[in-house]
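J.: What follows is the residue order along each chain.
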Amino acid sequence: MSALRLRLRPRAAIGAEAARAGRTGDRILFALCAGAGLLAVFVLGEVVYQVISGARPAISKFGLGFLVHSRWAPNFSAFGAAQALVGTVITSIIALSIATPLGIAIAVYLAMMAPPAVRTVVGPLVEMLAAIPSVIVGFWGLIVFSPFVANHIEPALHNVLGFMPLFGAAQTTGFSLLTAGLVLTIMVLPIIAALSRDLFLTVPVELTEGAAALGATRWEIIRGVVLPTTASGVAAATVLGLGRALGEAIAVLQVVGDGTGIHSSLFQPGETLAARIANEFTSPESKLHIPSLFYLALILLVIGLVTSVLARMIATRFDVHRSLA
Amino acid sequence: MTEPDDQIDRGPAGERVLGRVRIQTESLPSPAAPAPLPARNGGAPLIARDVVFDIRDMAVYYGDNQALGWTTFKIYRHLVTAVIGPSGCGKSTFIRSLNRMNDAIRGFRIEGQVLYHGHDVYGAEVNRVEVRRRIGMVFQKPNPFPKSIYDNIAWAPRNLGMREDLDARVERALTQAALWDEVEDRLRDSALSLSGGQQQRLCIARAIAVEPDVLLLDEPASALDPVATASIEDLMRTLKNRYTIVIVTHNMQQAARVADQVAFFTLDPGADRVGTLVEHADTQTIFRNPKDSRTRDYVTGRFG
Amino acid sequence: MTAQLDAPERDPGLPDPSAPLIASGNLRRRDAVSRAVTASATVAAFLAVAVLAILVFTVISKAWSVLSLSFIFTNPSGLDSGGIANALLGTIEIVAIAAVIALPVGILTGLYLTEFAGANSRSARFLKLVLDLLQGLPTIIVGVVVYGLIVAVTHRQSGFAASVGLSIVMLPLIARSSQEVLLLVPGTLREAADSLGVSRWRTVLGVILPTAAGGIATGAILSIARAAGETAPLLVLDSIYDPNATQLNPFGHGVPNVPILILTTSDLPSPSALTRAWGAAFVLLAAILIANVAARIMLARSRRKMMG
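Residue numbers (my numbering), protein chains in the order written: chain A, 36 to 360; chain B, 4 to 307; chain C, 2 to 309.
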C-alpha cells in the first residue's frame, strides 16, 4: 500500500518540497478532524441553546411553578408539567423495575450459563430486540398488547393487588401508564441485558476459578464474586436504560392514551414529557403552547443530560475499580 | 440430577465433553487399613500411610490433543508431594484434574481413574462442588476477591454454613497462613491493598478456612519475590501436619526444600508434546539417586 | 522423612474425607438454590427471545395478505389501498442525505479522537462526553431543535429538515463506532509509517482508514439502520405531505416516509389501512434486521482481518 510505495521511493526524492506538502496535508487533515469534533460540540451547544430560548416565554410566564402545576389545557393557556413529569417517572419506574432484574438474569445466563451454541444464537437475538424501531413496538403495543393488558393483566393485578389504589379497576382500552411502562420495558431490556453481559464477560477467570475452588456453587460465585465486581457497571447500564425510557416518545405516545390529570391507578391513561411534545408540537392551540412544549423539552433535556453524566460517572468509577483488581 | 449446578463455562463455541470412567470392581485399599508404601530405593524406613489420591492410568485430552500421558502414582496423606518438570509438561493440567477445575475448559476429557480415598473423582454420582470443597486449590497468580481481607476469608465458610465463631475461624486461618500479625488491625481493608506475597498467603488462608482435606498449590510462589517465597515454603512445612499438600513447581530447589515426595513429569519426545510421568519417589531418591536418566538430567540441570 | 503419622484431630463437624463425593452438609440445599437460579435465568433469556419472536411473528402474520412486489413498487391510492413506493423512496432519500452529512463528520471526529487528541487528553475526554450526551439525547428533542432551526425559519416541514435531524441522531453513533474501530488498528502500522518519515495524512488515508474500513462500514450500517426507523424527529420535521404522491424534492417539501406512514395509519379504524401499515412495518423491520445481521457478519470478518 502507500507506505510500501513510499519506502521504495529514494529518500532524496522526499525533498523539502515534499516535506512542506506533508506538513500542509497534515494541517488540512487536522483542521478537518478538529472541525468535525467542534461541530459535534456545537450541535450539543445549539440543542441546549435552542431548547432554552424556545422555552424562555414559558419560563418567564410560569417560572418554576410550571413543574408542580398539573393542569395542561392549551386552549385555556393553562400549562403545567406535573402530570407529564409524573407520567414519565411512573412509566420509567415500571420499565426499570421489570427490565433491570430480567436484564441482569439474561446477562447472567448468556455470560455464565448458556452452552456456547445457545449463547451465540440467543445473544444476538436479544440485541436484535433493541434494533426494532420504536414505532413498530408501539404499533404492536397499540393493536395487540393494549387489549391484552386490558383483558388479562389489569384484571389479574386488580384481583390480587386491588387493595392498593395503584391497581384500580381494569379499563376497557388498555391505553394506560402501565401499558406504556410495559412497552418501555421491552425497549430497555435488551440494552441492560447486552451491556451487563459484556460486563460479566470481563470478570477475570481467576476470580471465578478462585471462588469455584473454595467449593462454591455457580449461584454463589455469581452472587459473591461476579455481581459485586461489576455492580457499578451494571448500575451504569441501568441508568443508560433509564435514559432510553425517559426519552422515548413514539411508542409511549401510541399506548399511553393521552390522558389528563394525575390518577392513582396505573390503569388510567396518562402522558409523558416526550410523548406530549411529540403529540402536540405540530398543532399549537395558543400562543404559549409551543414555548410550554419547549419548557417540557428543557425538563426532559436536563433529566437526560443528568442521566448521561451519571451513567458516565458510575462507569468511570467502575473503570478505576477494575484497574485495581 | 447428576450434573451439579456449579459450572461457569467460558470461551468460544464448541462442545464440552466430559469423560466418564467406571469404577473398577477390584477391591481398593480402604482408608481404615492403609496400604503399604511401595518399596523404595532410598532405604528410608517403610511407613504405612493413608493413600489420598490413587491415580491410575490417567490421561488428559483437550479436544483431539493429548495433554497428559498415562500417569500412575499415589499421593499420601500429610505429605507434601511436589510435581516438577519443564514448562508445558502437563503439571498444571495434572493438578487441576485432581479437583475437577478443568471441567470448565472446552474439550477437556480424562481417561483412567483418579481415586480419592477410594472414590472416583470423575464418577457419575460425584458432586463437583463437594470435590472442591474437600480439595482446595491455590493458584499461580494471587487472586483475592475485591472484598475486604476479612470477607475474603469468611466468604466460603459463610456459604458452607460455618457461621459459628466466624471471627475465630478467620483469625485461625490467617494465623495458620502466617498472615495474622500483618493484617490483624486492618481486616476491613481491601484485600487488593496487600502486597503480592501477602495476597498469596491470603489465598492460602482463604483455602484453609473451610478446612479442606487436601490443598493443591499450582506454582503458588512463581509470581513472588524470594522473601515471600520463603514464607510460603515455611507455611507448607507447618500446614502438612493438618493437610495433604500437592504443589506444582518449576523450581527444583523449592521442591527439594518442601517436598516429601516428588513426581517428575516431562514432555515425551516420542509422542506429540504429551506430558508424561517419568518418576515418582521420595525427594531424596529423586534428587540423589533417581532411577531414570531423564530425571537425573533434569535435577542436575542438564536438561535441554 | 519428617512427616508425622498422627495428625491433629479434625473438627468432628467436618465431612469425613473418605465419605463418598456426594453433596454433604448444606450442599444439597445450595445446589438446589443454584439450580433454581439457573432455571430462572434461562427462562428470562428465552422470554426475551419469545418477545422478539412475538413481535416479528405479529408483523409477518398481519402483513402477510398485503405483501407483494407491487406493494413495494406502487404508490398508494388513498389510505386503504396501493403500495408504499413513495414512502419507501422518501425514507431512502432522507436517510441517504442524513448519512451524507453524518458519515464524514462522524468519521473525522473518530479520527480526531484516535489520531490527534491524546487518548486521555482533556479535549478527548470532553469530546467523548459530548458524544455520550448527544447519544443520550431524546430524539424528540433533536426534532424540536431542528424544527426551531429550519422549519420555523422556512415555515415549512421538509425532507431536508428530517435529514438534518437524523444526521444528529447518527453522528455520535458513527463517531464512537469509528473511534472504537480505529483504536483496533495496530499501533505498529502508525509507528512504521512514522519511522519512514511518512506524513500523518498519508498514513491516515493510505494505511489507517483502509485497514479500518470494514469496521467503520459496520458502524455506518448500524447507524443507518437506527436512523431508518427513527420516528420522533420526523413527526415534527416531516409529517405533513401528500401521502399518495411521490415527492423527491427534499427542500421546502415534506417527503413521504415509512415511519410516519406507520404512525399515522396505525390508529385508523379501517382494517385495510391497518393492513397496509403492517405491510410497511414489515418492510421497515425486514430491512433493519437484515442490515443488523449483515453488520454483524461484516464486523466478525473485519475483526478477523485486523487481528491478522
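If you're looking for bench data, these hints aren't it; they were derived computationally from the structure.
Source: prediction; values computed, not measured.
Note that CB positions come from ideal geometry on N, CA and C, so glycine has one too.
Careful: at least some of the hints might be erroneous.
[Claimed, not checked] Stretches of chain C that chain A covers, calculated by requiring three or more beta carbons in the stretch to come under 8 angstroms of a beta carbon on chain A:
no.	stretch
1	26 to 37
2	65 to 79
3	265 to 277
[Unchecked claim] Not close to chain C: a few residues of chain B, all C-beta gaps over 12 angstroms, as computed:
no.	residue
4	65
5	120
6	122
7	170
8	247
[Unchecked claim] Computed, partial: chain C to chain A, Cβ under 7 angstroms:
no.	residue
9	51
10	53
11	131
12	135
13	142
14	145
15	146
16	154
J.: Hints first: check each against the structure and report whether it holds.
T.: Evaluated hints:
1. Counting residues of the stretch 26 to 37 of chain C whose beta carbon lies closer than 8 angstroms to any beta carbon of chain A gives 5, which meets the minimum of three for the stated coverage.
2. With 0 residues having a Cβ less than 8 angstroms from any Cβ of chain A, the stretch 65 to 79 of chain C misses the three-residue criterion, and the hint is violated.
3. Coverage of a stretch by a chain is defined here by at least three residues with a beta carbon nearer than 8 angstroms to that chain's beta carbons; for the stretch 265 to 277 of chain C and chain A the count is 3, and the condition holds.
4. Listed as a non-interface residue, residue 65 (chain B) keeps its Cβ farther than 12 angstroms from every Cβ of chain C; the least gap is roughly 22 angstroms.
5. At roughly 4 angstroms, the least C-beta separation between residue 120 (chain B) and chain C is not larger than 12 angstroms, which violates its mark as non-interface.
6. Not every Cβ of chain C is farther than 12 angstroms from the Cβ of residue 122 (chain B); the closest lies at roughly 5 angstroms, contradicting the non-interface assignment.
7. Under the 12 angstroms C-beta cut-off, the non-interface status given to residue 170 (chain B) relative to chain C holds; the minimum distance is some 16 angstroms.
8. Non-interface status of residue 247 (chain B) relative to chain C is broken: a Cβ of that chain comes within 12 angstroms, the nearest being about 9 angstroms off.
9. A hinted interface residue such as residue 51 (chain C) counts as satisfied when its beta carbon comes closer than 7 angstroms to some beta carbon of chain A; here the least separation is about 10 angstroms, so the hint is violated.
10. Taken as an interface hint, residue 53 (chain C) checks out: its beta carbon lies about 5 angstroms from the nearest beta carbon of chain A, inside 7 angstroms.
11. Below 7 angstroms, beta-carbon pairs count as interface contacts, and residue 131 (chain C) has one with chain A at about 5 angstroms; its hint therefore holds.
12. Look at residue 135 (chain C): its Cβ gets to within about 6 angstroms of chain A, closer than 7 angstroms, so that hint holds up.
13. At a threshold of 7 angstroms, the smallest CB-CB gap from residue 142 (chain C) to chain A is about 5 angstroms, leaving the interface hint in force.
14. Checking residue 145 (chain C) against chain A: minimum C-beta separation of about 5 angstroms stays under 7 angstroms; hint holds.
15. For residue 146 (chain C), the suggested interface contact is upheld, since its CB lies about 4 angstroms from the closest CB of chain A, less than 7 angstroms.
16. Because the smallest distance between the Cβ of residue 154 (chain C) and any Cβ of chain A comes to about 12 angstroms, over 7 angstroms, the interface hint for this residue is violated.
Going down the numbered hints, you'll see the structure goes against 2, 5, 6, 8, 9, 16, while the others check out.
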